[in-house]
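Take full-length UniProt numbering: the final residue in the sequence shown is number 282, and no numbers are missing along the way.
Derived by calculation from the structure, the hints in this document are not laboratory data. A few of these clues could be false.
Said to hold, decoys possible - What follows is a list of derived Cβ distance ranges for each label pair:
(1) E231 x E68: 38 to 44 Å
(2) Q165 x N141: 18 to 24 Å
(3) I214 x C87: 48 to 54 Å
(4) D273 x Q164: 25 to 31 Å
(5) E101 x R139: 18 to 24 Å
(6) S205 x R139: 35 to 41 Å
(7) D75 x D273: 18 to 24 Å
Unchecked claim - Once the Cα atoms are required to be at most 30 Å apart in a straight line, the calculated DSSO-like pairs of lysine-lysine come out as:
(8) K83 x K58
(9) K80 x K58
(10) K43 x K83
(11) K58 x K43
(12) K108 x K58
(13) K272 x K246
(14) K80 x K43
(15) K108 x K43
(16) K108 x K83
(17) K80 x K108
We treat Cβ as the ideally placed atom computed from N, Cα and C, and that holds for glycine.
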Amino acid sequence: GEFDDDEEHASEGDDESRTDSIELSDSAEDETREDSGPSRGCKHYSRGCQLVGPCCQKTFWCRFCHDEASDHAIDRHAVKEVKCAECGLVQPVGPACIGQECGNAFGKYFCSICNFFDDNISGEPFHCDGCGICRKGGRENFFHCDTCGCCYSNALRDQHRCIQQNMHRNCPVCLEDLFTSTTVCKILRCGHAIHSTCLHSMLRSRTQLLRCPICMVSIGDPSRHWTLIDEEVAQVPMPEEYRDMKVVVLCNDCSATGETPFHVLGLKCPNKDCGSYNTRRL
């Protein structure tokens, strides 16, 4: 299409961005389970124990199950006890049951910080100390950006625009928290983050110029679109009384301001090195 995909960030492992985007590591906790063995656990995870909520003392297979059934959210880091799915023994958090005749392994992956268990390790989960949660995608494939506050693909180590605590905010489209979201995120050319699904919805709608909902910078490379507008403007002369009219605009793409010829089809950026029609009249 006219716009290239943006890149992604590391998804949360214990929780879980290409139109100009950057790759991020996904959260290890996905809201959909990938079965790879005997059925145990819940719809979210295959695991051999239930969490004992420190807030309500009730048992749930995972934090998603807890939050769906409760009027409050569980603090994953505050969990101190689990209940073995085999023998029912309530015990301190650990990788396997401490029952004398049990020894049930609670998951092929276990994080003692997030109290996270999962039999599915195909996503290569790992704990990121910088994020404070588990991610997926393989530790060797990502680095943590302290400024942005999240994990990015190694290919983006010197290639992304840093924005302070970029992932610690809500998606500008659906308003869901980005950092703990299980939906993959995209990082736009301007550096702002957005859910992949929300970005794709914007791409499909095509009801208006594709711009970052936060800073209004164009998404992707719209240069071909600007060329088409140039051609249309050349073919549609303005009435004589407007032919020499000029207006002052601000370009959302390069931040230049200045006078530009008035035309009903678009107001072109006065910066000759830009050529964008993503402008607003001042």
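A quick look at each hint next to the structure:
no.	hint	result
1	E231 x E68: 38 to 44 Å	violated, 53 Å
2	Q165 x N141: 18 to 24 Å	holds, 23 Å
3	I214 x C87: 48 to 54 Å	holds, 52 Å
4	D273 x Q164: 25 to 31 Å	holds, 29 Å
5	E101 x R139: 18 to 24 Å	violated, 36 Å
6	S205 x R139: 35 to 41 Å	holds, 37 Å
7	D75 x D273: 18 to 24 Å	violated, 51 Å
8	K83 x K58	holds, 10 Å
9	K80 x K58	holds, 12 Å
10	K43 x K83	holds, 18 Å
11	K58 x K43	holds, 18 Å
12	K108 x K58	holds, 24 Å
13	K272 x K246	holds, 16 Å
14	K80 x K43	holds, 23 Å
15	K108 x K43	holds, 17 Å
16	K108 x K83	holds, 17 Å
17	K80 x K108	holds, 20 Å
When held up to the earlier numbered hints, the structure conflicts with 1, 5 and 7 and fits the remainder.
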